[in-house]
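There are 2 protein chains.
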Amino acid sequence: MTINKRVVQCIFRLIWLVNLSLCLSSAVSASPDVINKHLTDSQSDPTKLGLMTGFPPPVDKRVMLPDSNFFSFPNLRWSVCNMRALLPTENIKRDPFNATPMSYALMQGIDSVTFSPMNSSTRMSWHDSLAANYTDGILVLHKNKVVYERYRGCMDEHTNHAAMSMTKSLTGLIAEILIARGKIDESAKVRSIIPELQGSAFGDATVRQVMDMTTSLRYSENYADPNADIWQYSYAANPLPKPKEYAGPVGYFEYLQTVQKSGVHGKEFGYKTVNSDVLGWIVARASGKKFNVLASELIWSKLGMEYSADITVDGIGTPFAGGGLSATLRDLARIGIVMLNNGKINGVQIIPTSAVASIRQGGDKSVFSTAGFKTIPNGSYRSMWWHFHNEHGAFAARGVHGQTIYIDPKAKMIIVRLSSHPVAANSAIDPTSLPAYHALAKFLLAQ
Amino acid sequence: MTINKRVVQCIFRLIWLVNLSLCLSSAVSASPDVINKHLTDSQSDPTKLGLMTGFPPPVDKRVMLPDSNFFSFPNLRWSVCNMRALLPTENIKRDPFNATPMSYALMQGIDSVTFSPMNSSTRMSWHDSLAANYTDGILVLHKNKVVYERYRGCMDEHTNHAAMSMTKSLTGLIAEILIARGKIDESAKVRSIIPELQGSAFGDATVRQVMDMTTSLRYSENYADPNADIWQYSYAANPLPKPKEYAGPVGYFEYLQTVQKSGVHGKEFGYKTVNSDVLGWIVARASGKKFNVLASELIWSKLGMEYSADITVDGIGTPFAGGGLSATLRDLARIGIVMLNNGKINGVQIIPTSAVASIRQGGDKSVFSTAGFKTIPNGSYRSMWWHFHNEHGAFAARGVHGQTIYIDPKAKMIIVRLSSHPVAANSAIDPTSLPAYHALAKFLLAQ
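Residue numbers (the UniProt record's numbering), protein chains in the order written: chain A, 1 to 447; chain B, 1 to 447.
The set of hints was computed from the structure by calculation and includes no laboratory data. Each hint should be verified, as a subset may be incorrect.
Note that the list lumps identical chains together, so a pair holds whenever it fits in one copy or between two copies.
Claimed, not checked - Dumping the calculated DSS-like pairs for lysine-lysine here, alpha-carbon to alpha-carbon at most 30 Å: (1) Lys145 x Lys302; (2) Lys289 x Lys61; (3) Lys145 x Lys442; (4) Lys289 x Lys189; (5) Lys289 x Lys302; (6) Lys412 x Lys143; (7) Lys189 x Lys61; (8) Lys244 x Lys61; (9) Lys183 x Lys61; (10) Lys183 x Lys48; (11) Lys289 x Lys48; (12) Lys442 x Lys143; (13) Lys365 x Lys442; (14) Lys267 x Lys365; (15) Lys302 x Lys183; (16) Lys365 x Lys261.
Please put together the full structure from these sequences, using the hints given.
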């Protein structure tokens with residue numbers, strides 16, 4: 001088998017990876033039965049399935065081998081907790097001597113909170129929503145104290161779980177900090193910071209347009225199309241050795257230079273991961289620091305994190321600013337705390353107030369509406385954070401397969417949910433998630 | 001290019017990896033000039049060379065790409081600090097809330113200590129030995145306090161550096177703990193614990209023989225021989241996808257079952273990494289826990305470690321118990337502290353006294369002498385620790401390219417040295433290391 005054929009196989013597996021950068025395994029598809037019917041949460045529990053259990057794991061329980069795709073369902077229920085064992089990663093270091101335990105005020109009654117899923121007249125309980133959403137871990141904070149905490153599936157409180165596109169929100173927050181500190185001018189053209197992008201679509205975009213994904217790109221993330229640009233992007237970023245005859249771009253940075261423009265920037269929202277990686281490049285160039293080092297210095301080492309985070313890298317060591325982060329439930333909640341508290345945690349101002357305020361003001365709803373996100377009809381997107389513009393002013397970091405840091409300022413509520421839903425798109429997960437979050441917010445407001 | 005050709009290329013690069021399990025990059029050899037003359041420590045400083053610096057690093061400064069072997073010299077001067085960015089790894093977790101700072105009593109005069117390198121009539125200073133040995137980090141403790149600490153090359157106090165075969169000593173220590181707790185009988189035949197090894201050389205070896213590497217194996221680690229068994233072993237362990245037609249063993253565990261006997265166990269010392277991986281399998285099977293989880297529970301979470309350690313894994317997630325560990329200088333010193341203090345650290349008994357005592361009694365010198373280690377003429381090997389049997393009773397963990405945890409009980413001295421010497425074999429590094437350690441021990445004794 002030539003490496004080219006393997007690579008093509010590998011690339012097609014990326015249908016399941018969505019925004020995940022790479023695939024060390026080639027793979028056989030999950031059977032149509034599994035895809036169509038979906039095992040339930042309980043049926044697909046990786047411990048019950050015995051995935052990767054034993055020394056060695058039985059052949060049919062391995063999710064790391066070439067013939068066992070690590071991001072197909074149900075294998076992904078194990079893989080989301082084990083990204084660093086599957087892929088090369090960098091470290092986002094915390095301060096070894098300043099982990100700060102969460103404050104607890106555990107609350108009864110949350111499991112019994114009920115809500116109506118979108119487009120449904122039935123009621124569902126909070127408790128039942130956990131299984132409906134294939135939840136691996138969920139933490140609810142109210143007034144900065146943990147009121148609810150559950151670990152399921154592959155996860156415990158020490159587990160770094162794939163954050164998927166919530167990585168983008170970390171990247172956006174880093175960019176806002178550098179803007180607040182005068183290191184980046186958000187109105188600057190990208191080419192003035194990264195001359196290598198002069199000839200690309202990004203050259204004449206502003207930093208702000210990149211941050212808000214209003215760049216106009218000839219670039220498709222349609223995973224159903226085998227000729228979509230996302231495949232070339234994924235291939236460029238894949239750290240597997242490339243065949244000698246390959247003359248295409250290597251790594252995120254080279255690929256980004258090839259993206260061309262298709263219209264006018266600033267008019268429409270287009271959710272395209274390449275923007276996040278351009279922003280990752282911008283913050284690295286502006287600071288002179290690798291993305292993971294910067295994330296450590298500005299955020300991870302400052303918030304009392306319990307664990308260092310992991311971030312996947314391409315073949316030249318570039319962290320995947322668009323989707324490579326893995327972190328614990330509690331550490332992600334600490335990001336929620338600084339976002340809810342205008343940059344403060346444990347009484348200390350860590351993030352500039354203006355950086356948080358810029359994100360929290362939300363984006364342009366009319367620009368966002370062009371993209372047609374049906375489960376977020378009134379939404380907007382700013383600095384790689386999602387805004388619901390609901391009665392509570394909720395906003396969120398979001399990632400495929402159900403990841404979220406959901407912040408409800410009115411209810412002083414933060415929900416972090418990490419999961420491994422069989423469907424990547426959050427449109428399949430929002431119906432039993434967003435109404436649950438809002439119902440819980442109202443429950444907490446009434447306490 | 002077929003994947004088979006790539007794999008062969010990759011395997012040949014493993015000449016440089018020695019006990020490191022795998023190679024994600026195929027490679028071009030470093031130029032003969034570099035190999036033959038060796039850049040000096042200063043000339044090969046990875047920061048001065050600009051290795052992997054910039055966003056992206058210039059093409060000729062990349063050490064991760066297929067055409068730039070990451071473990072050739074001088075590239076390895078960067079790679080030893082970045083194993084997790086090159087390879088899939090598992091985590092050996094510390095306790096997030098109990099990092100315990102080192103006690104300090106920094107001492108003047110150490111840099112001026114002099115010694116005669118082996119087979120030399122000249123004198124060298126401690127200071128000059130750091131460059132002679134391509135030292136990346138070195139820490140000296142006296143009476144459990146840090147008296148000397150230097151970071152050089154790619155390293156700082158937050159960096160996990162490749163420990164190479166010092167991993168074996170961690171594996172040996174874990175086995176001794178399980179023996180002390182009655183979980184493993186050291187006189188048991190390996191087949192009674194791992195029936196899968198029944199038909200291999202290890203089946204009728206005792207656990208003790210595996211721990212002391214006195215198994216008699218038809219297995220060559222002669223890196224100059226392209227048909228040596230080490231290549232099949234490395235290939236089996238390599239997490240790169242294997243070609244469909246490959247029918248050989250996959251991962252450490254399957255390979256180990258193929259190793260055959262060539263004589264009588266217990267008569268001769270043979271330094272062969274496969275023993276360490278058998279021991280890694282034994283401790284996992286006996287405890288029901290993955291090697292990295294066990295290492296965390298028994299050691300890493302108990303010693304006040306500052307950072308979680310990394311350990312490389314094979315294609316089915318098996319940690320490389322024979323060489324995959326990366327850790328910080330200080331955390332490795334904490335292992336030295338428990339070894340010097342009969343299992344205690346910070347006043348608490350963490351490791352059973354009998355486990356440490358078993359290691360510290362040393363091995364059989366006559367058995368060891370059969371292997372002809374010229375720089376350790378009076379030595380022995382027990383439980384994967386090296387014994388010098390010098391006047392101070394010194395013993396050590398050791399890894400290729402100059403890694404050591406050197407413990408001198410008489411001087412109450414611990415030296416941890418992490419380095420990236422161009423030559424893998426410690427026989428090239430001992431002449432300017434072992435006499436330096438002994439001279440420093442005498443200096444400290446005189447304080």
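Which numbered hints fail
none
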